[in-house]
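Protein chains: 2
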Amino acid sequence: MSFVVKTLNQFEFDQPFTLNGGGGLPSFNLTYETYGQLNKNKTNAVLVCHALSASHHVAGYYHDDPKNLGWWDSFVGPNKTIDTNKFYVIGLNNLGGCHGSTGPSSTNPQTNKKYANSFPMVTVKDWVKSQELFANYLGIEKFAAIVGGSLGGMQALQWAIDYPDRIENAVIIAATPKLSAQNIAFNDIARQAIINDPEFYNGDYYSHNTVPRHGLRVARMMGHITYLSDFKLTEKFGRTRRDQEFKYSYDIEFEIESYLRYQGEKFANYFDANTYLLMTKALDYFDPASEYNNSLQTALKKATAKFLVLTFNSDWRFNPIRSWEMVSAMLENDLDVSYCAINSESGHDSFLLPDQNYMDILKAYFNNISI
Amino acid sequence: MSFVVKTLNQFEFDQPFTLNGGGGLPSFNLTYETYGQLNKNKTNAVLVCHALSASHHVAGYYHDDPKNLGWWDSFVGPNKTIDTNKFYVIGLNNLGGCHGSTGPSSTNPQTNKKYANSFPMVTVKDWVKSQELFANYLGIEKFAAIVGGSLGGMQALQWAIDYPDRIENAVIIAATPKLSAQNIAFNDIARQAIINDPEFYNGDYYSHNTVPRHGLRVARMMGHITYLSDFKLTEKFGRTRRDQEFKYSYDIEFEIESYLRYQGEKFANYFDANTYLLMTKALDYFDPASEYNNSLQTALKKATAKFLVLTFNSDWRFNPIRSWEMVSAMLENDLDVSYCAINSESGHDSFLLPDQNYMDILKAYFNNISI
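Protein sequence lines, in the order shown, are assigned to chains L and F.
With positions in the first sequence counted from 1, the corresponding number in the working numbering is that position plus 34.
With positions in the second sequence counted from 1, the corresponding number in the working numbering is that position plus 34.
Among the hints, a few may not be true.
Copies of the same chain are indistinguishable here, so a pair counts whether it falls within one copy or spans any two.
Capping the alpha-carbon separation at 35 Å, the derived lysine-lysine pairs in DSBU-like fashion look like this [what the hints assert, rightly or not]:
1. K270 <-> K335
2. K281 <-> K335
3. K159 <-> K266
4. K176 <-> K266
5. K76 <-> K176
6. K281 <-> K336
7. K176 <-> K270
8. K335 <-> K266
9. K300 <-> K176
Keep in mind that the hints were calculated from the coordinates and are not lab data.
Construct the complete structure from the given sequences, taking the supplied hints into account.
In structure tokens:
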């Protein structure tokens, strides 16, 4: 049912780009993929924003790597939830990423060295600004929809606030208008684990030909627990032992330990530590209301998009109350908003998983979008 | 209102001690403190079992360290919740601990070197067995009560199962009959952070005159989040910033980061990493039903103690359902059990905090104990 991604594309922006936190880049490029055809009037474009660790590779697979399916492949394709017979779907790797877009592991053209720790802090606002430049480049005046889960949903919300004329529908899934103290706490511990890894070398591990593997593993393992519900972990692993008899050692005793260590190891093998740090900071800083007297209602005053806000009742990272804060601010502005808290046992990760109710709601919403 | 602890005591057991996991010790000692007077018939003894990181220092303060109040000082003392005018209260540091009892940082008398990674794995069952030897030494045939929160409560439960004739009342607070996959996951990540710290030296950091400080910090910070509720963290810290303006760097931006790093640093300064590893493993292995065909009801068949089971509705580490599993098994055995899920916003840490309802319930229960 998946389709082949023929080529990877690069959007190259060759002018200086100033970031929200004060830093700047002499230029940047964004890696992107597209699925479907842009129609003549360019009214059928859907931007899919990724979360912490995903990429531009939203759907399909590459000719030379048929097993590497896009992270939202169940949702994007011909006749799928977001039907590429109707929509022109775009996935891009965010600025600061490690999947082809300019990031800490890229070479700074001004120094011919990797950016490493000189890469400026990026915020959700910066991403949206860079995506707007990208939309200009493609000639897309208004996206039919901008959609994302978690950190991706935050980008959709920021779009609706910063560029109200350029977004018809904002689909915000499993997100929050700002992180809680607990959310920030988990992020900071992950960062501490990475930064204090002796292989981090103050972010310049590239020139030491190493990676802060142990820190990345701990960060990923901890993140992973927060993406799943207690119930799902119990159902999936419970207290299932690796061997029938305990070894009474620090080796793996329970399957959950084996699973998490595997996830941590896998992640440390492909994800750039500096990018991970940047992404968690973008999460922490995200708080669009803070520019508007801490009122999300005021922040949304100029918004004109229609909204679909989805949340999952087992998501303890960004629980349904956090989504309701957004819906409430939208309703106060008489905006067109649909909301659903979907029954799901998979926690925060639910936004990635093909649950029938979830897909039906999304499909119905996208079917109703006029292009 | 606190009283002075006059002396620290040592129980010295000079015979070999075989542990549940197969290892052994040539001898051991347990550090303990007592409050109140043991009555003539030795029927008024209350054993307070500690959780992961606490010690024998339950109440009062030392002559030379008046600010160092015991960890449950609000609860134990003359006319307090557990009234030392009536009860002889004993706090002891568990085997494997780092507060005076024999543990990994103790010297092995057979080698004259620190045990370090040769210290055997200890389980809750071992602790209870060592405490029984200690009771023999004091001539206490039956404890009026054995009480504890979290890992301390698990010891009270194990006592009621393993030594039914020697415990009149088991007071089990904020505990669980066995850890969930999520619980084990958090423990294993903490262990991975410590074990992979280059300063760990396979547990023999003593001979390198160092400690795996970064690993301990990450472990403690992560543990700390799980002890508190999301609500409490929001109430206490929210998104309060360190400075008015963001620095857009990896320095502390939010107060929650500052608090957690401080907690981590403090812990790394006094707690032994090997003990931390042991305690988390004791938690993971705890599952008294596993010896009885995985039936907690069967495990409790010979129990005769009266039970008080307390839990807190904001405790997401060991939530009320986990306590109810124990109550349910007790009821199936027609045991005398009182249960209360206490309203509290402080999460798992609630068992340490002087909430009025909580203290009233505990006090009423202890007042009703005949000695």
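Going through the earlier hints one by one, which of them does the structure break, listed in rising order?
Hints 4, 7 and 9 are the ones this structure does not satisfy, whereas the remaining hints hold.
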